[in-house]
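Participant: Now for the letters of each chain:
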Amino acid sequence: MTQYPRIIPANDSAVLIEFGNSIDYEINAKVYALQSAIESSDLAPTVIEFIPSYRSLLVEYDVTQHTLAELHDQINELANSVASEHVATVDTDGDIQQIPVAYGGEYGPDLETVADHAGLSTDEVIAIHSGTDYHVFMLGFAPGFPYLGGMDERIACPRLATPRTLVPAGSVGIAESQTGVYPNPSPGGWQLIGGTPMKLFDAGADPPTAMLPGNKVNFVPIPHDEYETIAKSG
Amino acid sequence: MLNENGHIEVTSPGSLLTVQDTGRRGSQRFGVSVSGVLDLQAATIANRLVGNPPDSAMLEATFGNVALTFDKETKVAVTGATSDLYIDDFPMPLWETLIIPAGETLSISAPSSGLYSYVAIAGGIDVPKVLGSRSTHVGSSLGGFEGRALSQRDVLLIGTASVTPIRPRAGTTAPQDLLRACDDNERRVRVIPGPQHDAFDDEAQSTFFSSTFTISNVTNRQGARLEGPTVPAIDGKHDIVSDPTYMGAVQVPSDGNPIVLLADRQPTGGYAKIASVISADLPTVVQRPPGSEIAFELTDLNMAQQEAKEFVDRIHHEPLVEPARIFSTNLEVNGEAYNVELVHPSSVGSERDVDGIVYASFGQTSESVATVESTS
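Residue numbers (the working numbering), protein chains in the order written: chain S, 366 to 599; chain D, 61 to 436.
Honestly, I wouldn't trust all of these hints.
[To be verified] In silico lysine-lysine, DSS-like type, Cα no more than 30 Å apart, as pairs: (1) S:Lys564 - S:Lys581; (2) D:Lys189 - D:Lys369; (3) S:Lys581 - S:Lys597; (4) S:Lys564 - D:Lys189; (5) D:Lys132 - D:Lys189; (6) S:Lys597 - D:Lys189.
[Unchecked claim] Facing chain S, from chain D, some residues (calculated, C-beta under 8 Å): (7) Tyr306; (8) Thr328; (9) Lys369.
The hints are simulated quantities; they were obtained by calculation from the structure and are not laboratory data. C-beta: ideal position from N, C-alpha, C; glycine also.
Start from the sequences and build out the full structure, keeping to the hints where you can.
Facilitator: Okay, structure coming up:
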């Protein structure tokens, strides 16, 4: 059995710290806890950038200041301390980000496909999809693209056989037992069940994403005529 | 002093011409790619040759065939791939500080070796910073010039030079040993083991390290795709729980063909990484055009980190070579003292005063040019 946490050199100026090898809330919480611990330690000045993921944290550092041999013990100590402590898996002090979604119709052309596959009505699919709080495991793939956890298996649905060449920004989709939102227009093979008028990625904003890694989000059904109103108000 | 910054008109963009700096840092956690120059060595030297800070935005050309027209006299340097370089019809050297006279066109031919050329301009390219960087990420339409590759007739604004433009003088060149290193695109590329190297058994590892791969035609700024013997993961387990990526990661998807991740990579990915190219060897990886060969050899982390430090030190601090002074004298004109220098090799100059230097051309075929610097 692999022992965690595991400290692995990635390249000559980045190190990967793994807390496990699966998609798990507690493992993911430790990733963010380690990032915070390093940010508030005296390692912070040598860090160039963090990339948190489902189960590991990449720390890119300035190799002209320190080699991994010089940083290893301190990283190891922080990682072990995080691994052995109980880390809250719910951001108790953070609000749940509400994402308004117009389900079905032009915004969610595949809602009926998902409902048929699940043997449910479209209203039941909407109720199940919007009745859950989702955990933002990480952002990746594209600017602001969230990897969400927590979708009810009853509405799981295979990807489209042929991906769309263009999925509009804000589209909410399902692929197998995952749900997600496309922050920007892109090609994509997810079953689209709705659309959010909310701007999920804004390069001029700080932070640039509406959903934050490690936080919780919830989808709130809105009438289709509210979509344009919200979209215009920015 | 120029009252107004100059402009560059793209007369020919070649296959992919983008604005790049040293990359967008700190936003990968939001899914934003780093992007930035691929060949950090050539780009850093280009900025130094025109007196820019290392993070100034420049132009990165892919496989040459670029022409740029300048409306004002401008100090430039072109580095990277080996191409024929011209100012209007006159051949000019690469890796050297050049002065382009107002209205003239800089053109870069298709390279005879290498892939990416860097055009640094004193003052840099003035495009808005997006998330702290001027780099273009075409895949997500972020940064650079309108978030896209440059097209014919686009006009770029040149930034304000933040340092005295007197130095480096026209004719300043990159250190010779650094140029030799840039020309060596046949040596083995050094790697350290990647985070998932244990997903590959001894036979697969041996295939990876003993084979010569060919760089595929679909190679781009996101990654260098390799063709050759396939490198299978144990039990076909190429997919991993999505994990952070980094520059130089060698990932192997289920088709068994390795991909070296480069500047435009996505910040996270789901394929096992067998190895990581050391940063000192990244320039030779990115400069190999499609169809060229690449082979790897294993090194250890200590060696890689030592090489990384030396690489950074070399590209930032190895002294540039000042032009030889053929003739130097002091003279007085209208009561003002001047130092007059005749330098070699040549750089085309017009007869005008830029910040105390009078660039006087002795005919564009001349091998020499005079600079007159005010000493008063």
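Participant: Next, verify each hint and record whether it holds.
Facilitator: Against the structure, the hints come out as follows:
The straight-line distance between the Cα atoms of Lys564 (chain S) and Lys581 (chain S) is roughly 17 Å, inside the 30 Å bound, and the hint therefore holds. Of the pairs offered as hints, the one joining Lys189 (chain D) and Lys369 (chain D) holds, with about 28 Å between alpha carbons and a cut-off of 30 Å not exceeded. Annotation: proposed proximity of Lys581 (chain S) to Lys597 (chain S) holds, straight-line Cα distance about 25 Å (limit 30 Å). Proposed proximity of Lys564 (chain S) and Lys189 (chain D) is supported: the alpha carbons are some 20 Å apart, at most 30 Å.
For the given pair, Lys132 (chain D) sits about 24 Å from Lys189 (chain D) by alpha-carbon distance, which is consistent with the 30 Å threshold. Between the alpha carbons of Lys597 (chain S) and Lys189 (chain D) the distance comes to roughly 26 Å, so the proposed pair stays at or under 30 Å and holds. With a cut of 8 Å, the hint placing Tyr306 (chain D) at the interface with chain S holds, because the nearest CB-to-CB distance is about 5 Å. A hinted interface residue such as Thr328 (chain D) counts as satisfied when its beta carbon comes closer than 8 Å to some beta carbon of chain S; here the least separation is about 3 Å, so the hint holds.
The closest approach between the C-beta of Lys369 (chain D) and any C-beta of chain S is roughly 5 Å, which is under the 8 Å cut-off, so the hint is satisfied.
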